[in-house]
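Enquirer: Sequence:
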Amino acid sequence: MDNNEKQAEEQVNYKLSFAQLFNESFMKRYTKHENIVDFLDKSPFEINSLEDFEKIDNDAWDQYVAENSTFKSWEEMNGMAGAELVANQMKKAFKL
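In this text, residue positions in the sequence shown follow this note's numbering: the first is 75, and each later residue adds one.
Among the hints, erroneous ones may be present.
What the hints assert, rightly or not - List time: in silico SDA-like cross-link candidates among lysine to any residue, alpha-carbon distance up to 20 Å:
{"no.": "1", "residue 1": "K106", "residue 2": "S143"}
{"no.": "2", "residue 1": "K116", "residue 2": "Y104"}
{"no.": "3", "residue 1": "K102", "residue 2": "F145"}
{"no.": "4", "residue 1": "K129", "residue 2": "N152"}
{"no.": "5", "residue 1": "K102", "residue 2": "E149"}
{"no.": "6", "residue 1": "K106", "residue 2": "F92"}
{"no.": "7", "residue 1": "K102", "residue 2": "D112"}
{"no.": "8", "residue 1": "K169", "residue 2": "E158"}
{"no.": "9", "residue 1": "K106", "residue 2": "P118"}
{"no.": "10", "residue 1": "K116", "residue 2": "Q137"}
{"no.": "11", "residue 1": "K116", "residue 2": "A93"}
{"no.": "12", "residue 1": "K146", "residue 2": "M101"}
{"no.": "13", "residue 1": "K146", "residue 2": "G156"}
{"no.": "14", "residue 1": "K116", "residue 2": "F127"}
{"no.": "15", "residue 1": "K102", "residue 2": "N142"}
{"no.": "16", "residue 1": "K146", "residue 2": "H107"}
{"no.": "17", "residue 1": "K106", "residue 2": "N142"}
{"no.": "18", "residue 1": "K165", "residue 2": "G153"}
{"no.": "19", "residue 1": "K129", "residue 2": "V111"}
{"no.": "20", "residue 1": "K129", "residue 2": "E149"}
{"no.": "21", "residue 1": "K146", "residue 2": "F127"}
{"no.": "22", "residue 1": "K102", "residue 2": "M154"}
{"no.": "23", "residue 1": "K129", "residue 2": "S147"}
{"no.": "24", "residue 1": "K106", "residue 2": "G153"}
{"no.": "25", "residue 1": "K102", "residue 2": "F92"}
{"no.": "26", "residue 1": "K102", "residue 2": "K146"}
{"no.": "27", "residue 1": "K106", "residue 2": "F119"}
{"no.": "28", "residue 1": "K116", "residue 2": "K129"}
{"no.": "29", "residue 1": "K116", "residue 2": "F100"}
{"no.": "30", "residue 1": "K106", "residue 2": "T144"}
{"no.": "31", "residue 1": "K116", "residue 2": "I130"}
{"no.": "32", "residue 1": "K116", "residue 2": "R103"}
{"no.": "33", "residue 1": "K116", "residue 2": "D126"}
{"no.": "34", "residue 1": "K165", "residue 2": "M154"}
{"no.": "35", "residue 1": "K116", "residue 2": "S147"}
{"no.": "36", "residue 1": "K102", "residue 2": "A140"}
{"no.": "37", "residue 1": "K166", "residue 2": "E98"}
{"no.": "38", "residue 1": "K102", "residue 2": "S147"}
No lab work stands behind these hints: they were computed from the structure.
Go ahead and model the full structure; you've got the sequences and the hints to work with.
Expert: Here it is, written out as structure tokens:
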């Protein structure tokens, strides 16, 4: 595998942590919490793993998101976090 192929594979397999996606700046701007850890800890759900998070009822989680952020749903919050992350990475890449 040449270097370009390896780099492309790494980009495809790149996974973000919640802390990267929902950084402190994002959380302070859009939620009632300082960071994603606080947002998760203050929820009415027991979240100690990804498996715990995935078991949460979607409607109940959306309600928590709506009550504790400027978003109406988790999908909306997640989408905005992703869009902002990409925009910030583009700015860095092109030194804007």
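Enquirer: Would you mind marking each hint as holding or not holding in the structure?
Expert: How the hints compare with the structure:
1. K106 x S143: The hint holds at about 6 Å.
2. K116 x Y104: Judged against 20 Å, a Cα distance of about 16 Å means the pair holds.
3. K102 x F145: holds (13 Å)
4. K129 x N152: holds (17 Å)
5. K102 x E149: Holds, because 18 Å separates the two Cα atoms, which is no more than 20 Å.
6. K106 x F92: OK: K106 and F92 at ~17 Å, within 20 Å.
7. K102 x D112: Within the cut-off at roughly 11 Å; holds.
8. K169 x E158: holds (16 Å)
9. K106 x P118: holds (15 Å)
10. K116 x Q137: holds (14 Å)
11. K116 x A93: holds (16 Å)
12. K146 x M101: Given that 20 Å is the threshold and the Cα spacing comes to 15 Å, the pair holds.
13. K146 x G156: At roughly 16 Å apart (the allowed maximum being 20 Å), G156 and K146 satisfy the hint.
14. K116 x F127: The given pair, whose Cα atoms are some 13 Å apart, holds under the 20 Å limit.
15. K102 x N142: holds (11 Å)
16. K146 x H107: holds (16 Å)
17. K106 x N142: holds (6 Å)
18. K165 x G153: Judged against 20 Å, a Cα distance of about 18 Å means the pair holds.
19. K129 x V111: Holds, at roughly 18 Å.
20. K129 x E149: Holds - the C-alpha atoms of E149 and K129 are around 16 Å apart, at most 20 Å.
21. K146 x F127: holds (18 Å)
22. K102 x M154: Within the cut-off at roughly 14 Å; holds.
23. K129 x S147: Holds, at about 17 Å.
24. K106 x G153: Within the cut-off at roughly 18 Å; holds.
25. K102 x F92: At roughly 15 Å apart (the allowed maximum being 20 Å), F92 and K102 satisfy the hint.
26. K102 x K146: holds (17 Å)
27. K106 x F119: holds (17 Å)
28. K116 x K129: At roughly 17 Å apart (the allowed maximum being 20 Å), K129 and K116 satisfy the hint.
29. K116 x F100: Distance of about 17 Å is within 20 Å: holds.
30. K106 x T144: Status holds; Cα separation ~9 Å.
31. K116 x I130: holds (14 Å)
32. K116 x R103: Status holds; Cα separation ~17 Å.
33. K116 x D126: holds (15 Å)
34. K165 x M154: Holds: K165 and M154 sit about 16 Å apart, inside 20 Å.
35. K116 x S147: Answer holds: K116 to S147 is near 17 Å, not above 20 Å.
36. K102 x A140: holds (15 Å)
37. K166 x E98: holds (18 Å)
38. K102 x S147: Holds, at about 17 Å.
Checked against the numbered hints above, the structure breaks none of them.
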